[in-house]
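> As given, the protein sequences belong to chains H and S, one line each in that order. Residue numbering for the first sequence follows our numbering, beginning at 660 and increasing consecutively. Residue numbering for the second sequence follows our numbering, beginning at -19 and increasing consecutively.
Treat the hints loosely; a few may be bogus.
Stated by the list, open to error - Listed next, with one range per pair, are the computed distances between beta-carbon atoms:
| hint | chain 1 | residue 1 | chain 2 | residue 2 | range |
| --- | --- | --- | --- | --- | --- |
| 1 | H | 944 | S | 550 | 39 to 49 Å |
| 2 | H | 665 | S | 532 | 17 to 27 Å |
| 3 | S | 591 | H | 955 | 26 to 36 Å |
As the list claims (entries may be wrong) - Chain H residues, not near chain S, derived (Cβ > 12 Å throughout):
| hint | residue |
| --- | --- |
| 4 | 712 |
| 5 | 721 |
| 6 | 811 |
| 7 | 819 |
| 8 | 883 |
| 9 | 919 |
| 10 | 922 |
| 11 | 937 |
Hint data in this document are derived by calculation from the structure and do not stem from the laboratory. Backbone N, C-alpha and C define an ideal beta-carbon position, used for all residues, glycine too.
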Amino acid sequence: MDSQLIAWILAAAQGLLFIAAAPLLAGWLQRVKCHLQNRAAPSVWQPYRNLRKLMGKRMVLAENASWLFRATPYIVFGATLLAAAVVPLVAVHLPTAAIADMIVLVAFFALARFFTALAGLDIGTAFGGMGASREMMVAALAEPAMLMAVFTLSMTANTTNLSVATEYLLHAGLVLRPSFLFALLALAMVAVAESSRVPVDNPATHLELTMLHEAMILEYGGRHLALIEWASQIKLMIYSVFIVDLYFPLGIATDFSAASLAIGVVAVTAKLMLLAVLLVVWETVLAKMRLFRVPQFLGFAFMLSLLGMLTHVVLETGI
Amino acid sequence: MSATIGTPLLLTYAALACTLLSGAVSLLAVRRHPDFLHFGSFLFLFCSGAASIGAGGWALLANLTVTDRFQLGLPWLDWHLRIDPLSGFFLILLGTLVVAISLYGPSYTREFGRGAAAQPLPPLGVFTALFVLGMQMLLIADDALVFMIFWEMMSLAGYFLVVYQHQHAANRHAAFLYLLLAHVGALVILLSFGVLAAFGGGLTFDLMRAAKLSPLWATIAFGCAFAGFGTKSGMVPLHVWLPDAHPVAPSHISAMMSGAMIKMGIYGIVRVSYDLIGDVRWEWGMVVLIIGTASSLLGVLYALMQHDLKRLLAYHSIENIGIILMGLGLSMIFIGSGHKMLGTLGLVAALYHTINHALFKGLLFLGAGAVLYRTHAHDLDQMGGLIHRMPITAFLFLVGCVAISALPPFNGFVSEWLTFQTALQAPALSDGLLRTMIPIAAAMLALTGALAAACFVKAFGIAFLGKPRTRRVGRAREVPVGMLAGMGLLALLCLLLGVFPTTMIEAMAPITQLLVRESLPAATAQGWLWLTPISPQVASYSAPFVLVAIILVFGLGYLFLKRGAEPTRRADAWDCGFGHLTQRMQYTSTAFSQPIRRVFRGVWKVEEHVETLADAGSIPRVTSLHYSVHTHDWAWLRCYQPIGRMVLAAANRIGFIQTGNIHTYLKFSFVTLLVFLWIVS
Chain H
660 MDSQLIAWIL AAAQGLLFIA AAPLLAGWLQ RVKCHLQNRA APSVWQPYRN
710 LRKLMGKRMV LAENASWLFR ATPYIVFGAT LLAAAVVPLV AVHLPTAAIA
760 DMIVLVAFFA LARFFTALAG LDIGTAFGGM GASREMMVAA LAEPAMLMAV
810 FTLSMTANTT NLSVATEYLL HAGLVLRPSF LFALLALAMV AVAESSRVPV
860 DNPATHLELT MLHEAMILEY GGRHLALIEW ASQIKLMIYS VFIVDLYFPL
910 GIATDFSAAS LAIGVVAVTA KLMLLAVLLV VWETVLAKMR LFRVPQFLGF
960 AFMLSLLGML THVVLETGI
Chain S
-19 MSATIGTPLL LTYAALACTL LSGAVSLLAV RRHPDFLHFG SFLFLFCSGA
31 ASIGAGGWAL LANLTVTDRF QLGLPWLDWH LRIDPLSGFF LILLGTLVVA
81 ISLYGPSYTR EFGRGAAAQP LPPLGVFTAL FVLGMQMLLI ADDALVFMIF
131 WEMMSLAGYF LVVYQHQHAA NRHAAFLYLL LAHVGALVIL LSFGVLAAFG
181 GGLTFDLMRA AKLSPLWATI AFGCAFAGFG TKSGMVPLHV WLPDAHPVAP
231 SHISAMMSGA MIKMGIYGIV RVSYDLIGDV RWEWGMVVLI IGTASSLLGV
281 LYALMQHDLK RLLAYHSIEN IGIILMGLGL SMIFIGSGHK MLGTLGLVAA
331 LYHTINHALF KGLLFLGAGA VLYRTHAHDL DQMGGLIHRM PITAFLFLVG
381 CVAISALPPF NGFVSEWLTF QTALQAPALS DGLLRTMIPI AAAMLALTGA
431 LAAACFVKAF GIAFLGKPRT RRVGRAREVP VGMLAGMGLL ALLCLLLGVF
481 PTTMIEAMAP ITQLLVRESL PAATAQGWLW LTPISPQVAS YSAPFVLVAI
531 ILVFGLGYLF LKRGAEPTRR ADAWDCGFGH LTQRMQYTST AFSQPIRRVF
581 RGVWKVEEHV ETLADAGSIP RVTSLHYSVH THDWAWLRCY QPIGRMVLAA
631 ANRIGFIQTG NIHTYLKFSF VTLLVFLWIV S
């Protein structure tokens, strides 16, 4: 019973670490990006300051805002939190990992998006509707590509549980699987689209017409906005950890001893920092696409994961 | 064998008696006592629904199979009745919807008796009762004769309900199409029973079960049954009647049709293929899977283009039937390839989705009816802002939207997740084609789910959020408490079935025991908290945790963020500094679905109309612009219309024998008689 208790405490600690570290990742991303683009960089703690400022502000709501508008930030944050609880950050085998598998993880994001889009329509301005409409279109194309990539992985590992899959890959060692490469590429492309990054969306834009995600939440302010921004930082971190876990699981703790946990923390920090640098290079090199190029981008991601699955069926199952 | 006292079958008889009484009350209380009609008729309907649930629940939970026999009608054709866990399950589904509409109905039908376009109410009550009676009886039928009689009763009563508001030409047209396809379907079902009866040597289901069919004849029987029952369920490409018929019926009838009637098709497919034929083949599963995938994807894509709320919901019924068929198809593939446990999982997923769809689609149609009741608006683009005027209806409708979009922690998600889990076991199969096809079908299911979410963001967002687009909608009031109770019951069940899937799957074990002699012990082995369809290592989902976590976040947010904060201020929305936002600047449903229309162009035949009015000044200036989009169904244009034209042309060709002269007709009759006598002799 004791080990059960320790496991649950560790799971809670990991979840807290997840939400606490997410703004740091965003800050690091911003800092590297500024350096790369020859701009003066803000401190890596800047996202925390922004959140604190927003939390302390007086709430202003649009005239037409209903209860749904007020409830949405909490639903979004709750769903993202649940997703974070499932993803193994430092250690596998945590009891929270059993709450949901990868398909449910995708569904948590869908739940958050569903309510964000509704909140966009709630005020009754054109921007909200535009954001909601575009976001749902992008999501409709990204979700099947994402699940297809997940299916490819889960067919190899014979599980959709993220923790079990990570452990399987850790023990499988460095085997070059073509299906994994395809799925990795697809997953990375979807992750870019889903966490509203260039070239699908631009998180830093201030032009209403070019926004997708930001257009939906244009009317939010104060603690509501803080929760939504925090949730989107957590979402970015979840996708990063997801990719890192599945493709470079080296270093993640498989038991709960202090040493392996410490190694786990160091390993995941290093890997995330590296991944962030890659993302920054990607965002600096590419320009934002026109909206109707996005379906081609995501269609390509879908084809890649389909190819991955076919190679799995053709090449890898005979073994 | 005769029934002993206290069997679930007797309770079903009580339900049938209540249904008949409900019809009789409607018939007798003509004009003089409309209130008596509203309450008496629906009271009996309520009792009938409750008795159905009781009987079905009894048969299902106690795993009872009871048969009975009546001597009615022709002397050598007894009526065989039987209740078993499968029919019990569908009786529960039917009973729940009947209870919900009997709470909803008294207030809702009052509207029909009012105003200039007042309708006589007795036909509505009588045909509702016959409609329900048909479904109750066909579920307990144990021979093909009784089954077909009550199948027809359901279809015909449905016709009169669809055509109830017959002053609109569109309703008459929809009803005719419904009647036509219902009969084509019934004929094909009859053929299927014919094959089974010929091999079994009799019309009773017992003889059919015992019959040994060659694979070819079994496939023919299955094919006929699948086509016939699929027509009733609205699978692509036999779906064209459904989006016309469901929206024009009164809303509580739409709920019954979409929730219960099309499920009778699923019941028929399951009954004939798993029970009567018994020996399921994987090739059938392939066909069912492909048609299911096509139905779900096309259903949701067509739904996205609709701006009539009830029509949108009707297209979603096609989508959900597709998802159910995908589960059934997977189940057949696995059972046919010798993986009984996985086949059982697919069957459970399909049946789970069947009851889920009945609940949330019933809820959504009742919600659409509530909007219609207060605003008389069919078109989404006339609604808006109803969340302020009808907050409880809006909340309940939102529950339905979240459930149908397959989002946790509601019920739609559980059954779709189970379908995904079944599909992901494809590597267990030895056939490479199947191993590739099934994950692609699963990806299509993912696409369907995401598009459904987009569609319900549109439906809820345009109808209930934003600002009212017409004055009448802006003045709407909340609906009476009875209507709310009907919707609330279904919404509650949506949540319960979403949060306690393990309980539900345990309860469904007798059905799978009956049909495939297998159940899913692994799914519930980890306790009620964890749903683990195959094993905890492969996949797990804990819906109670999800619900608790979301509630917890709400509570903590309230506690930490709200406390001590300054009171909220209200201000104008951001208008880019131009000022004066009007409700006409909001996104419409057509605008909302434009990106998807563009991405998936070619799926529909899209007609755009732009009407501009310019004033004739020295500089021409557009004063008014009207833009509208119509999407047409390719199946209708490319398949049904040519058939219709061919039938008409053929009728014209042979029209010359219609001389209008009685002598000619007598001559024809005489020649026909002679020919028959010659054949017989």
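> Run every hint past the structure and note whether it holds.
Against the structure, the hints:
1. 944(H) with 550(S): 39 to 49 Å: For residue 944(H) and residue 550(S) the Cβ distance comes to about 45 Å; the hint holds.
2. 665(H) with 532(S): 17 to 27 Å: holds, 22 Å
3. 591(S) with 955(H): 26 to 36 Å: holds, 34 Å
4. 712: holds, 14 Å
5. 721: About 4 Å separates residue 721(H) from the closest Cβ of chain S, which leaves it inside 12 Å; violated.
6. 811: Given that some Cβ of chain S is not farther than 12 Å from that of residue 811(H), nearest at about 8 Å, it is violated.
7. 819: The claim is violated: residue 819(H) sits with its nearest Cβ about 5 Å from chain S, within 12 Å.
8. 883: Violated, because the least Cβ-Cβ distance between residue 883(H) and chain S comes to about 9 Å, which does not exceed 12 Å.
9. 919: holds, 21 Å
10. 922: Residue 922(H) is indeed farther than 12 Å from all Cβ atoms of chain S, at 25 Å.
11. 937: Nearest chain S Cβ is 27 Å from residue 937(H), so the label holds.
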